[in-house]
Amino acid sequence: MLFESKNLKYSHPNQPSLSFPDISLQQGESMLVLGKSGSGKTTLLNLLAGLLLPESGEVTLNQQNLSAMKGQKLDLFRGKEIGIVFQKPHLLAALNVKENLQMAHFFSKKKGQELDQLLAELGLSGKANSSVLTLSEGEAQRVSIARALATSPKLILADEPTSSLDDENANKVIQLLKTQAAKIGAALIIVTHDQRVKTQISNFVEVKPL
Amino acid sequence: MNLFKLSWKYLTFRPLSTGLNVLLLALGLAIITVLLLIQDQFEKKMNQDAVGIDLVVGAKGSPLQLILAGVYHIDFPTGNIPMDEAQKLSRNRLVKNIIPMALGDNYQGFRIVGTNHDYPGLYDAQLQNGQLWAKPYEVVLGAEVSEKSGYRVGDEFVGSHGISVGSHEHDAHKFKVVGVLERKGNVLDRLILTSVESIWFTHDEEGETELSDSTSNHTDHHEAHLQDSVAIKGFPKTDDSRELTTLLVQYRNPMAAIQLPRIINSGTSMQAASPSFEMSRLFELLGVGITLLQGLAVVIIGISGLGIFIALYNSLKERKYDLAILRAIGASRGQLLLLIFLEGIMLTLLGAILGILLGHSFLSVIISQNEQGVVGSLQPWIFLKQELWIVVYALMVGVLASIIPAIAAYQTSIAKQLTKA
Numbered sequence: 162m163l164f165e166s167k168n169l170k171y172s173h174p175n176q177p178s179l180s181f182p183d184i185s186l187q188q189g190e191s192m193l194v195l196g197k198s199g200s201g202k203t204t205l206l207n208l209l210a211g212l213l214l215p216e217s218g219e220v221t222l223n224q225q226n227l228s229a230m231k232g233q234k235l236d237l238f239r240g241k242e243i244g245i246v247f248q249k250p251h252l253l254a255a256l257n258v259k260e261n262l263q264m265a266h267f268f269s270k271k272k273g274q275e276l277d278q279l280l281a282e283l284g285l286s287g288k289a290n291s292s293v294l295t296l297s298e299g300e301a302q303r304v305s306i307a308r309a310l311a312t313s314p315k316l317i318l319a320d321e322p323t324s325s326l327d328d329e330n331a332n333k334v335i336q337l338l339k340t341q342a343a344k345i346g347a348a349l350i351i352v353t354h355d356q357r358v359k360t361q362i363s364n365f366v367e368v369k370p371l
Numbered sequence: 021m022n023l024f025k026l027s028w029k030y031l032t033f034r035p036l037s038t039g040l041n042v043l044l045l046a047l048g049l050a051i052i053t054v055l056l057l058i059q060d061q062f063e064k065k066m067n068q069d070a071v072g073i074d075l076v077v078g079a080k081g082s083p084l085q086l087i088l089a090g091v092y093h094i095d096f097p098t099g100n101i102p103m104d105e106a107q108k109l110s111r112n113r114l115v116k117n118i119i120p121m122a123l124g125d126n127y128q129g130f131r132i133v134g135t136n137h138d139y140p141g142l143y144d145a146q147l148q149n150g151q152l153w154a155k156p157y158e159v160v161l162g163a164e165v166s167e168k169s170g171y172r173v174g175d176e177f178v179g180s181h182g183i184s185v186g187s188h189e190h191d192a193h194k195f196k197v198v199g200v201l202e203r204k205g206n207v208l209d210r211l212i213l214t215s216v217e218s219i220w221f222t223h224d225e226e227g228e229t230e231l232s233d234s235t236s237n238h239t240d241h242h243e244a245h246l247q248d249s250v251a252i253k254g255f256p257k258t259d260d261s262r263e264l265t266t267l268l269v270q271y272r273n274p275m276a277a278i279q280l281p282r283i284i285n286s287g288t289s290m291q292a293a294s295p296s297f298e299m300s301r302l303f304e305l306l307g308v309g310i311t312l313l314q315g316l317a318v319v320i321i322g323i324s325g326l327g328i329f330i331a332l333y334n335s336l337k338e339r340k341y342d343l344a345i346l347r348a349i350g351a352s353r354g355q356l357l358l359l360i361f362l363e364g365i366m367l368t369l370l371g372a373i374l375g376i377l378l379g380h381s382f383l384s385v386i387i388s389q390n391e392q393g394v395v396g397s398l399q400p401w402i403f404l405k406q407e408l409w410i411v412v413y414a415l416m417v418g419v420l421a422s423i424i425p426a427i428a429a430y431q432t433s434i435a436k437q438l439t440k441a
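Chains as they are written, first to last, in the numbering used here: chain G, 162 to 371; chain R, 21 to 441.
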C-alpha cells in the first residue's frame, strides 16, 4: 500500500470526538471523501496532510508513519511527499506564477517536476511570468494545482477544488488532477460534495458525524 | 528562490510603505551621520589649527571673538593694538616666541594675513611650488585659495579692504603670487599669507592717494617699498608708530600659563585669550544644540522603528494565508521566523545605507554653501568607524521591530488558517 489511514480520531475543543473511515490507496488510485457540510471532511484532510495531529490512529505514506513525525521533519516530509490543493488558490501575491512554483521546490528541498513543462501541461505556459493578481479564478486554481504537483509528491490532497469554478473549469481541474496523479504515480484524495466530481471518480468514502 | 529573495519580493510588493519606512529611518540616521562627521572633523580641526598656540593677544573685546579671528580666521578681529606694546611683551621672559599678525583685508572672501615666516612654520607648511614671500606685496596662497581663484606663481591680483567680500578694492598696488602651499587640511588652506609690511603699505597708499594730488612723491615712496625686504622673523622694522591686529604667543614654561594672561589683561591695553579654554567654552555652548539634534534624530529613528513594526504587523495579518501556504509546501516554523526577521533587517539595512549616504551628501551640500567658512574645509566623504555603529543600531531597530511579528508568524496554525476560508 502506498497510502493508508487507520482508526483516525480527532476532537475539536469542546466538541464530541470524530472518528473517520479508514482509507487505503495504491499508486495512481483516486478516491473521493464525501459528506455533508460540517461533517468533518476538512478535518480529515488536515489529519491526512499532517496539518493536525490525530487523537489516535495513524497515517502511513510510502512506509513512513506521518503521525509519528514532528516539527521540521514533518514540515519537510509534507513538502516533499504531499501536494495540497486548497478550496481557494491562496497564491503568494508578491510573486509571479513561476516564482510561486519555485517556492515549493525551495521549501521542500526537492527538485520535482520541470516547471515550464508542468505549466505547459496545465495550459499555463504563457503565464509563467505574469503576476498572480492578473489570473482568472480557473487559472489561479490550476496554478495552485501546479504548485501541489511541482515536487512530484506521493499523495495529492484536494479540498473542494471545484467549489468556486464553473462547469468547464471544474471538469478541467478534475481531469488534470487525475491525469497528473497517474503520471507521477501519486495517490489522489479529493474532499468534495460537488456532484460534477462524483461523476468522474467512483471510488469514495463517506464521513458521517456519529 | 530563497528566503532573501522572498523577503525582498514582499518588501517591493508594498513599495510605498517600504519606501516611507526606509526614508524615515534614513533621515534619522542621516542627522546622526552629519553630527558624527562634523563633531569628529570639527574638533580635530579646531585642535589641529590651534596646535602650538598657547595664547592669543589682541585688542580688548570678546576673548572668543579674538580666538575665532586670530586662530581660525572666521570672526572679525577685535581691533588693532600698538606695535610698541607688542614688542614690549616679546621681551617678557615668559614668552618663547611671538608671531605678529596684521589682518583686515581679503581677496574674494579669502583672508589676507600679514605675518612672518614663523606662521607657516607653526603648521609645518610645505610649498607646492614657488617660495615664501621676501619683499612687500609678495604673497603665498593657501592650496584652496589657489585652486578656487586659479592663481599660480607669477599671477597678480588686487585685495579688498575688510574681511568679507564686496568691500572697496585696494587697487593702488597689486599683490604678486610667489608661492603656493601644499594642502594640509588646516586653516592655512584658506589663507593668503604675506608680510605685515605689505598690509601696512597697502593701507598707506590708500591714504596717500586720497590726500595728495601730486603723484611724483608717492611714486618714489612706492618704488622705495619695492626695494625693501621684509621681516622674516620677529617684528617688522619700522620707525613709524605702527599697529598690529593679533599676536600668537608661545609660552616658555608652564608658569607662563598662570602669569602671562594676568599681566597682559591687567597691565596693558591688550587682552589675552587661551585657544583651548575658549574653544572648550564654545563646544559647551554648541553642545546644547548638538544634544538637541541628537535627541531629534533618536525620536525620528524611534518613530521609524515603530513604522516598521506596524508595517510588518499589518502585512502579517494579510499574509497569514501566505504563511500557512508556505508551511503546507514544506517551510518550517523557523524559516517563517527568519523570513519576517529578514524583512525587518533588509528594510533597516537599506535605511542605514541610504541614511549614511544622505548624511554625507547633506554635509557636502553644507560645505559647498560655505566655501570660505571654517566648515568649508571639512571633508564630506571621509567615512568613520562610528558609521558602522550606525548600521548596527539600525539593524537593532530592525530586529526589535520584527520580534513580535516574527513570533506571531512562528505561532500561526496552518490548519486553522487554511480552513477558515
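Note that these hints are calculated values from the structure, not bench results. Possibly wrong hints are sitting among the right ones.
[What the hints assert, rightly or not] The list that follows gives simulated cross-link-like pairs (lysine-lysine, PhoX-like), each with its CA atoms no further than 20 angstroms apart: (1) R:K25 - G:K249; (2) G:K231 - R:K436; (3) G:K270 - R:K25; (4) G:K259 - R:K436; (5) R:K204 - G:K170; (6) G:K259 - R:K25; (7) G:K249 - R:K168; (8) R:K405 - G:K249; (9) R:K29 - G:K288; (10) G:K270 - G:K315; (11) G:K288 - G:K231; (12) G:K271 - R:K25; (13) R:K196 - R:K168; (14) R:K25 - G:K272.
[To be verified] Selected chain G positions facing chain R (in silico; Cβ < 10 angstroms): (15) N207; (16) K241; (17) G244; (18) K288; (19) S291; (20) F365; (21) V368; (22) K369.
We treat Cβ as the ideally placed atom computed from N, Cα and C, and that holds for glycine.
Hints, verified against the model:
{"no.": "1", "hint": "R:K25 - G:K249", "verdict": "violated, 25 angstroms"}
{"no.": "2", "hint": "G:K231 - R:K436", "verdict": "holds, 18 angstroms"}
{"no.": "3", "hint": "G:K270 - R:K25", "verdict": "holds, 16 angstroms"}
{"no.": "4", "hint": "G:K259 - R:K436", "verdict": "violated, 27 angstroms"}
{"no.": "5", "hint": "R:K204 - G:K170", "verdict": "violated, 84 angstroms"}
{"no.": "6", "hint": "G:K259 - R:K25", "verdict": "holds, 14 angstroms"}
{"no.": "7", "hint": "G:K249 - R:K168", "verdict": "violated, 69 angstroms"}
{"no.": "8", "hint": "R:K405 - G:K249", "verdict": "violated, 52 angstroms"}
{"no.": "9", "hint": "R:K29 - G:K288", "verdict": "holds, 18 angstroms"}
{"no.": "10", "hint": "G:K270 - G:K315", "verdict": "holds, 15 angstroms"}
{"no.": "11", "hint": "G:K288 - G:K231", "verdict": "violated, 37 angstroms"}
{"no.": "12", "hint": "G:K271 - R:K25", "verdict": "holds, 18 angstroms"}
{"no.": "13", "hint": "R:K196 - R:K168", "verdict": "holds, 17 angstroms"}
{"no.": "14", "hint": "R:K25 - G:K272", "verdict": "holds, 18 angstroms"}
{"no.": "15", "hint": "N207", "verdict": "holds, 4 angstroms"}
{"no.": "16", "hint": "K241", "verdict": "holds, 7 angstroms"}
{"no.": "17", "hint": "G244", "verdict": "holds, 8 angstroms"}
{"no.": "18", "hint": "K288", "verdict": "violated, 18 angstroms"}
{"no.": "19", "hint": "S291", "verdict": "violated, 15 angstroms"}
{"no.": "20", "hint": "F365", "verdict": "violated, 21 angstroms"}
{"no.": "21", "hint": "V368", "verdict": "violated, 14 angstroms"}
{"no.": "22", "hint": "K369", "verdict": "violated, 19 angstroms"}
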